[in-house]
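Asks: The chain contents come next:
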Amino acid sequence: MSLEVRAHAGAAALMGERRSAKSIAFGTWYVAEHRLRTMRSYLTTILMGSVFNPMIYLFALGVGIGSYIDASAGGIGAGAASYLAFVGPALLSSAALTVAFEESSFPVMGGFKWTREFWAMNATPIGGRQVANGVLLAATFRVVFTVLVFFFFLALFGATPSPWAFLAMPSAILSGIAFGSVIMAIASRLEEDDGWFATIQRLVIAPMFLFSGTFFPLERLPLGLQWIGWISPLWHGTQLGRVASYGMAEPLWLTACHLVFLGAMLALGLALSWKSFERRLAK
Amino acid sequence: MENMDGVMIRARGLTKAFGELKAVDAVDFEVSKGEAFGLLGPNGAGKSTTMRMIASVSKRSGGELSILGMDPNERGPDIRGHLGVVPQQDNLDVEINVRDNLIVYGRYFGLPLKFLKAKADELIEFAQLGEKTRVKVDDLSGGMKRRLTIARALVNEPDILLLDEPTTGLDPQARHILWDRLFRLKEAGVTLVITTHYMDEAEQLCDRLVVMDKGKIMAAGTPASLIKEYSSREVVELRFGSERNAEVAKSLEGRGDRVEVLPDRILIYTDSGEEDLARIVEGGHRPLTSLVRRSSLEDVFLRLTGRSLIE
Chain A
1 MSLEVRAHAG AAALMGERRS AKSIAFGTWY VAEHRLRTMR SYLTTILMGS VFNPMIYLFA
61 LGVGIGSYID ASAGGIGAGA ASYLAFVGPA LLSSAALTVA FEESSFPVMG GFKWTREFWA
121 MNATPIGGRQ VANGVLLAAT FRVVFTVLVF FFFLALFGAT PSPWAFLAMP SAILSGIAFG
181 SVIMAIASRL EEDDGWFATI QRLVIAPMFL FSGTFFPLER LPLGLQWIGW ISPLWHGTQL
241 GRVASYGMAE PLWLTACHLV FLGAMLALGL ALSWKSFERR LAK
Chain B
1001 MENMDGVMIR ARGLTKAFGE LKAVDAVDFE VSKGEAFGLL GPNGAGKSTT MRMIASVSKR
1061 SGGELSILGM DPNERGPDIR GHLGVVPQQD NLDVEINVRD NLIVYGRYFG LPLKFLKAKA
1121 DELIEFAQLG EKTRVKVDDL SGGMKRRLTI ARALVNEPDI LLLDEPTTGL DPQARHILWD
1181 RLFRLKEAGV TLVITTHYMD EAEQLCDRLV VMDKGKIMAA GTPASLIKEY SSREVVELRF
1241 GSERNAEVAK SLEGRGDRVE VLPDRILIYT DSGEEDLARI VEGGHRPLTS LVRRSSLEDV
1301 FLRLTGRSLI E
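Chain order of the listed sequences is A and B.
With the working numbering, the residue at position 168 of the first sequence is 168, and numbering never jumps.
With the working numbering, the residue at position 212 of the second sequence is 1212, and numbering never jumps.
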């Protein structure tokens, strides 16, 4: 009977009137902590993906295609010492985007629709905005982990010649969460999956991967297609990474543009997510 | 706290409209400390919408609402910190185990891990889930998930526990286990607000209840007083077969206080069921089955709305 006897003593006395103040201050973290605990249930696939993904790409593109391109007259150009150095930052950003997509698509739809756990969170002092922030924060942790492992392999394959190469990591992380925030905003508006995520993968992510200056400089594309790169978080993240990892020559204003674009995308994605989370939970 | 008069919840003209539809239409009620208060009505009566407004997640369209002396429009998170919510559909995290569900949820109230670890063990015992502590929620039965949801709602030691259709979808045995747990909380003085469309649940658990239909409160009182006011002491139930019920009912007019015809049976409201039944049989009627029983909240609802609770 201890539970019943203490019904009005323990937690209430412990937290008093400050309970909600503390929840509000740390709410984002509590949600992220919860998501990380849930991620533990698929930890094996997270680890396997993080290690095998960079290895297969680096072998195929860096060692395979890379040796072929580097041997041909003129190489890739764009100031890179090797094709691997050129493609490395793009693969890094791409890995960040992929993981961010995974963590901000189905988990968001599931939180509203399948497990309905976002409603459980909202029944506590936590609000919709904090749920959205927490989901993105947890995704960021996974993105950071993925990028760290990938960068380690890049360095191992000799694809990071500049002493500033480590700055390619924050660039990739930023491009990942900027993209993730927009996916979260979309996922939180979907009532049914209806193949939306598969469509995004085919019609957004795949073309973005191919046409964002990933495998060849964006300038090599016809002008009519270059816009795909300009609006792609992958291109902006990749270019930032190239400036860092092998000192790609680029005007300062353009480097600033990459940062502003990714920052704006993150802000927009978050603002739209806040709106839809709050509206949907208050229905 | 500001609720010095012992009133935990006060609603005046509380309204929620979705476009043209008024899901809750100017309802008034009060819930006192330690009371088990019920909202009884069929699906779509506005019970869950009322509950979501009390839970301080859904904003009201009109009227006044005060919970623990606070306005949920102004201080939603503060109020929610003092509530325990058991929603109609379970929303546990099915990918993690029983204990982690309790701990993770307690964190949302800003409670420290040290407190929560002890609390989780205590709640697991209360929910009779001792053998399932490390089991993934996905692998629990419906009744166990429900008990875990109730345990989870107690993690912050709430002042008010809100239960939306707590036993819907459970088998009879699981319902009784759940009722037993809720009784214990009631005995301990926890204020309970329960929505249900089961009259037996309402009779068992609620000290006082309101009968809702189409967004309005039709009647309010204790289960006994409602039955006394809106029904007779006993009911004779007669079945003549679905084709004949309506026809036979005409010849039974005037028996007891009132005669109701449902598609599957005839109900005669009376204070002396056995005597009336004997007279009906003497009169030459031969029902396929007959039954004399006490009046219930189901009869109250039928009287108030002309419809059954479960349709």
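It is possible that part of the hints are untrue.
What the hints assert, rightly or not - Below, a sample of chain A positions facing chain B; criterion: calculated Cβ distance under 8 Å:
hint	residue
1	Y30
2	L36
3	T38
4	T45
5	G49
6	W119
7	N122
8	A123
9	P125
10	I186
11	F261
12	A264
13	S276
14	E278
The hints are simulated quantities; they were obtained by calculation from the structure and are not laboratory data.
Built from N, CA and C at the ideal position, the CB exists for glycine as well.
Asks: With reference to the structure, classify each hint as holding or not holding.
Replies: Now for the hints, and whether the structure bears them out:
1. Y30: 5 Å, holds
2. L36: 10 Å, violated
3. T38: 5 Å, holds
4. T45: 13 Å, violated
5. G49: 18 Å, violated
6. W119: Holds, about 5 Å.
7. N122: Holds. Min distance 6 Å.
8. A123: 4 Å, holds
9. P125: With Cβ-Cβ at 4 Å, under 8 Å, it holds.
10. I186: 22 Å, violated
11. F261: With a minimum Cβ separation of about 35 Å from chain B (threshold 8 Å), the hint on F261 of chain A is violated.
12. A264: Violated. Min distance 30 Å.
13. S276: 15 Å, violated
14. E278: Violated - the Cβ of E278 of chain A stays beyond 8 Å from chain B, reaching only about 10 Å at its closest.
Hint compliance for this structure: hints 2, 4, 5, 10, 11, 12, 13, 14 are broken, all remaining hints hold.
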